[in-house]
Amino acid sequence: MNKRFRFEGIQQWVLPVFLIIIWQICSSNEIINSRLFPPPSTILDTGVKLFQSGELYYHLGISAYRAIVGILIGGGIGFIFGLVNGLFPFAGKFFDTTIQMVRNVPHLALIPLVIIWLGIGETAKIFLVALGVFFPIYVNTYHGIRTVDRGLIEMGRVYGLSGWELFKKVILPGALPSIFVGLRYSLGLMWLTLIVAETIATDSGIGYMAMNAREFMKTDVIILCIIIYALLGKLADTLAKLIEEKTLKWHPSYAKQK
Amino acid sequence: MVQEGAGLHVSKISKSFGHVHVLKQLDLIVQKGEFLSIVGRSGCGKSTFLRLLAGLDESTTGEIMLGGKAIKGINPEVRVMFQESRLLPWLTVVENVEIGLSHSDNSKSKSEIRALATEMLEKVGLAGREDEWPHVLSGGQKQRVSLARALISKPKLLLLDEPLGALDAFTRLEMHQLILNLWKEHQFTAFLVTHDVGEAISLADRVLLLENGNIAMDLNVSIERPRERDNTQVTELEKKVLNRVMNF
Ligand SMILES: Nc1ncnc2c1ncn2[C@@H]1O[C@H](COP(=O)(O)OP(=O)(O)O)[C@@H](O)[C@H]1O
Ligand SMILES: [Mg+2]
Numbered sequence: 001m002n003k004r005f006r007f008e009g010i011q012q013w014v015l016p017v018f019l020i021i022i023w024q025i026c027s028s029n030e031i032i033n034s035r036l037f038p039p040p041s042t043i044l045d046t047g048v049k050l051f052q053s054g055e056l057y058y059h060l061g062i063s064a065y066r067a068i069v070g071i072l073i074g075g076g077i078g079f080i081f082g083l084v085n086g087l088f089p090f091a092g093k094f095f096d097t098t099i100q101m102v103r104n105v106p107h108l109a110l111i112p113l114v115i116i117w118l119g120i121g122e123t124a125k126i127f128l129v130a131l132g133v134f135f136p137i138y139v140n141t142y143h144g145i146r147t148v149d150r151g152l153i154e155m156g157r158v159y160g161l162s163g164w165e166l167f168k169k170v171i172l173p174g175a176l177p178s179i180f181v182g183l184r185y186s187l188g189l190m191w192l193t194l195i196v197a198e199t200i201a202t203d204s205g206i207g208y209m210a211m212n213a214r215e216f217m218k219t220d221v222i223i224l225c226i227i228i229y230a231l232l233g234k235l236a237d238t239l240a241k242l243i244e245e246k247t248l249k250w251h252p253s254y255a256k257q258k
Numbered sequence: 001m002v003q004e005g006a007g008l009h010v011s012k013i014s015k016s017f018g019h020v021h022v023l024k025q026l027d028l029i030v031q032k033g034e035f036l037s038i039v040g041r042s043g044c045g046k047s048t049f050l051r052l053l054a055g056l057d058e059s060t061t062g063e064i065m066l067g068g069k070a071i072k073g074i075n076p077e078v079r080v081m082f083q084e085s086r087l088l089p090w091l092t093v094v095e096n097v098e099i100g101l102s103h104s105d106n107s108k109s110k111s112e113i114r115a116l117a118t119e120m121l122e123k124v125g126l127a128g129r130e131d132e133w134p135h136v137l138s139g140g141q142k143q144r145v146s147l148a149r150a151l152i153s154k155p156k157l158l159l160l161d162e163p164l165g166a167l168d169a170f171t172r173l174e175m176h177q178l179i180l181n182l183w184k185e186h187q188f189t190a191f192l193v194t195h196d197v198g199e200a201i202s203l204a205d206r207v208l209l210l211e212n213g214n215i216a217m218d219l220n221v222s223i224e225r226p227r228e229r230d231n232t233q234v235t236e237l238e239k240k241v242l243n244r245v246m247n248f
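Chains as they are written, first to last, in the UniProt record's numbering: chain A, 1 to 258; chain L, 1 to 248.
By construction, these hints were calculated from the structure, which means they are not laboratory data.
One or more of the hints may lead you astray.
Under the rule of at most 20 angstroms between Cα atoms (straight-line distance), these lysine to any residue pairs were calculated in the SDA-like manner [claimed, not checked]:
| id | chain 1 | residue 1 | chain 2 | residue 2 |
| --- | --- | --- | --- | --- |
| 1 | A | K249 | L | V136 |
| 2 | L | K72 | A | K249 |
| 3 | L | K154 | A | G160 |
| 4 | A | K249 | L | L91 |
Sequences and hints are given; from them, build the entire structure.
This is the structure:
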């Protein structure tokens, strides 16, 4: 049993490693143009150099800062609106239609306007990220609250739960699976927005590094940036998944063998 | 006669939804500790009646007194068992039972509450399952947890709205025994809504037939317990009630 499990863990890495080796061989032997496709070893080298000079660290920090502040603001507001509209039908009637209408505007289409309004500084990028993640979190929180099993709420009332207690014990846990769907979706949107925003209008961040490298045909840096974005995305998703597994361990689909 | 303040007095309650009059001037006096079954066709207002008793809905007119006090809104002395177990899936079995207690009583410590809940689970035959998630339990076991949750606060009145409807025959017989034992021990007043007339008669002291918004038949069942399913008196009464329902 144990052996087989370990083998399955290795199995999924066989293909990627194989592809990287092929790439290395082709590129360093000029079977493919190494200026367009620098070999992995060069990219790794560049990464180490950029890290040692502190440049990578600086841009990475700025990008992470934008992502985190953006999702805290946008996600926070979306969560609160979702809660309020879900819990109070009056608020739902008042706000929901408007929000759903605005949702249809692709937030990246606002970039030209945002640049005019806010310039290309931090505010603009954080605003775009916040706007992007707002909708998935809002929609899924609202939906989650609205679809909590009525029977459970009624049961809670029979047992004297009301107000904050009812919310804490019944409504919020019932809405959590849906809220997590929104969170994971918005993490994807968060990086996407950041990539676009940093590529188009910025003077720092991973996206800027890539754009700057383009000017000098430094493909190794560009590819490095792409890989970093991918890793960051994977990291955020893994983190969300971990939190989800911990929080939803009661859920049949997360039920684990003890 | 009924002692003052001991039982349940329902006087002239009516309940309408728009212009559908579900209950019409219903009167009922129940002794403390009596076991009542309510039967009647689907849609005749059984659940509506129980919801009024539970304080989940308000009657259009009339009054319900329990132990000398009017029932207004949710009352910790009244507990309900629904057709579905309605356990909170994100709480463990023992935490679900604790829901029945934590709000009626602030004087108990966490460990006292846990001890009571564990004891209650033992009584419904689920010792050792405290820390499991509800979704791993069978339907019958879930209803046992729900029963433990309802009884842990020692309510005066237990309302059972077809709680066994979704269970198989063997599990139902087991649950009958369990409910009767706990009823004897805790001496609460019980209302059991069921569509199974045989079940109604084999469990209750009194069987009520609800029809046209009122009690159309109030039958005393004075057969010694334990009552076998094929007891001739039970079968006779069952026939009588069924004829009354069908031949109208
Ligand atoms: N909230 C409600 N709004 C409108 N009509 C209702 C409502 N609840 C119950 N009714 C009606 O009241 C009648 C009795 O329902 P109910 O008490 O659930 O019957 P049952 O005896 O099958 O439990 C039905 O005709 C039902 O449609
Ligand atoms: Mg019903």
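Let me make sure I understand: some of the numbered hints might not hold for this structure. Which ones are they, in numerical order? Structure breaks hint 2 only.
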